[in-house]
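*Asks:* Going down the list, the protein sequences come from chains W and U. With UniProt numbering applied, the first sequence closes on residue 290, and no number is skipped along the way. With UniProt numbering applied, the second sequence closes on residue 290, and no number is skipped along the way.
Derived from the structure by calculation, the hints contain no laboratory data. One or more hints might be untrue.
Intra- or inter-copy, both count: the list cannot distinguish identical chains.
[To be verified] Capping the alpha-carbon separation at 20 Å, the derived lysine to aspartate or glutamate pairs in EDC-like fashion look like this:
#1 Lys118 <-> Asp29
#2 Lys19 <-> Asp61
#3 Lys218 <-> Glu204
#4 Lys19 <-> Glu205
#5 Lys16 <-> Glu234
#6 Lys3 <-> Glu135
#7 Lys282 <-> Asp72
#8 Lys46 <-> Glu76
#9 Lys19 <-> Asp265
#10 Lys16 <-> Asp264
#11 Lys193 <-> Asp29
#12 Lys236 <-> Asp265
#13 Lys19 <-> Glu234
#14 Lys16 <-> Asp265
#15 Lys236 <-> Asp246
#16 Lys218 <-> Asp246
#17 Lys218 <-> Asp254
#18 Lys46 <-> Asp72
#19 Lys19 <-> Glu135
There are 2 protein chains.
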Amino acid sequence: MAKLEQLSCSKHFGGKLTKYKFRSTALGDLDARLNIFLPGNSVHGKVPVLMYLGGLTCTEDNAAQKGGFMRDAAAEGIAIIFPDTSPRGAGIRGEDDHWDFGTGAGWYVDATHPQWAKHYRMFTHVTQELPQIIEASGLPVDFSRQSILGHSMGGHGALVLYLTSILSGRNTYRSCSAFSPVCAPSVVPWGIKGFNGYLAGGVEEGRDKYDATTLIGKVKGPVNILIDYGTADEFKHQLKPDLFADAARKAGFDESQVRVRGQDDYDHSYYFVSTFASEHVKFHAGFLKA
Amino acid sequence: MAKLEQLSCSKHFGGKLTKYKFRSTALGDLDARLNIFLPGNSVHGKVPVLMYLGGLTCTEDNAAQKGGFMRDAAAEGIAIIFPDTSPRGAGIRGEDDHWDFGTGAGWYVDATHPQWAKHYRMFTHVTQELPQIIEASGLPVDFSRQSILGHSMGGHGALVLYLTSILSGRNTYRSCSAFSPVCAPSVVPWGIKGFNGYLAGGVEEGRDKYDATTLIGKVKGPVNILIDYGTADEFKHQLKPDLFADAARKAGFDESQVRVRGQDDYDHSYYFVSTFASEHVKFHAGFLKA
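Here chain W stands alone, though its shape is the one from the complex (with noise of 0.2 Å):
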């Protein structure tokens, strides 16, 4: 298995954020990069995890950088894993045209069009890889203690692979978070792009496999959902919170299971995550120190 050779260091919080980077298998033998925070406490034992996943153009450092989420993690003693958005540099034709498909909005599938499918894997690379190689790494971290949160494109793909991992039965996460999420992807102009371009069975496929509002419907036992969208966010049109809301409601959920609250005059921006970042780590811990 690949290393993580760490390329850079900083104490932050009385812990360390760290970034890596490592020979990624899932994205066709491509150099992969992540940072990772591992709170104080981690010195004594292994600590429960928070996976972060990022929106469009993003890189694994702006969270890291804009979120304010260290603060309360390094008080609950909790890690946060930040992977980036996309492969970088595979080469594929048409990857750098535009800033809501290709480099920077992998959109967490596994492509299956033949143009994409040896790169374009970050569902693997997310649920698989990134567990795999921090683990055998030696990292103090207990991936037995998951939970999942991410931003737009990275909220979709927090709520996908939380769902997802339920409906397969390995319960990988314990509560699931997300900003300003793309709820229902097959229904909007972002995820119509991606899943027409990723999969090759397009929109179909995508609403299939990869829509949170198909998902939902589909999954039977106890949920843990917290999402925030801002009513003011310039990026509405795109979000859908209220399909999934629906579709949760008709499922038979509640609010004490998914609760999707709609922030006043918030747009979608890191000043709108970075304020209430310290309740979604608190939400979390409540899951994963119980």
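We have chain W; now place chain U onto it with these hints.
*Replies:* Chain U only, in chain W's frame:
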């Protein structure tokens, strides 16, 4: 007087983070940008204010996005102004040749060298022009309750503007704090380059007018200064906090008036700044709300 033109506005911790530009007279008729955070309680009346000065290569955005100041500023009911770090687009020969001189590196001086004297006047921009134009705009900021802080080159700026305001008898600021400040610019490469470039009298003029370690030796009467630096700071040879601390002790200031803290293993980054941002906001709140 020029008017503030709003470029963007995001709700943030119940308040508002707004980016403005205006035609700056102090900077020789160039557009200047700034961010202002107004806490939610400012809808009820004027609030105290922190002036935050950024470091080399930064703009008005870096600390607003990465500094982690607004959570406590919102809780304390304090505004924060984030100016840019230099004029932009002055068109001076050599302006963009170095990352530590020219654009992004105004050093908070009023240049006296003929080549730079028309535009590089960040001292006047921060101390006079910004308060005047913000006050004239009607924004609910009370400049009679103002403190100042900054990072690296901006930490130098905060110390120099604070000490100068005491020496001039204006007493503009109630307190001053700095992260990793350049404490003795006239004896380190960054500062020598800046002073020799911007000032007709070179380093000698800089030592006299813009060197915190010189200025603290001239100050009589009370000061309220907090400095944090990381013991693993990769630019520590540019900072010289010990020289400043020694000069403060020789001038008769004890720990209650000048506190210089080396924080174990922290570096020069915003991961360091954001770790101690809360403590700095609370330090200033003690004076601003007294």
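*Asks:* Could you run down the list of hints and mark each one as holding or not?
*Replies:* Hint-by-hint comparison with the structure:
no., hint, in the structure
1, Lys118 <-> Asp29, "within (9 Å within a copy, 54 Å between copies)"
2, Lys19 <-> Asp61, "within (9 Å within a copy, 23 Å between copies)"
3, Lys218 <-> Glu204, "within (16 Å within a copy, 75 Å between copies)"
4, Lys19 <-> Glu205, "neither (34 Å within a copy, 42 Å between copies)"
5, Lys16 <-> Glu234, "between (34 Å within a copy, 16 Å between copies)"
6, Lys3 <-> Glu135, "within (11 Å within a copy, 56 Å between copies)"
7, Lys282 <-> Asp72, "both (7 Å within a copy, 18 Å between copies)"
8, Lys46 <-> Glu76, "within (13 Å within a copy, 36 Å between copies)"
9, Lys19 <-> Asp265, "between (34 Å within a copy, 17 Å between copies)"
10, Lys16 <-> Asp264, "between (34 Å within a copy, 12 Å between copies)"
11, Lys193 <-> Asp29, "neither (25 Å within a copy, 45 Å between copies)"
12, Lys236 <-> Asp265, "within (12 Å within a copy, 43 Å between copies)"
13, Lys19 <-> Glu234, "between (31 Å within a copy, 17 Å between copies)"
14, Lys16 <-> Asp265, "between (34 Å within a copy, 10 Å between copies)"
15, Lys236 <-> Asp246, "within (16 Å within a copy, 56 Å between copies)"
16, Lys218 <-> Asp246, "within (14 Å within a copy, 68 Å between copies)"
17, Lys218 <-> Asp254, "within (15 Å within a copy, 67 Å between copies)"
18, Lys46 <-> Asp72, "within (17 Å within a copy, 31 Å between copies)"
19, Lys19 <-> Glu135, "within (16 Å within a copy, 43 Å between copies)"
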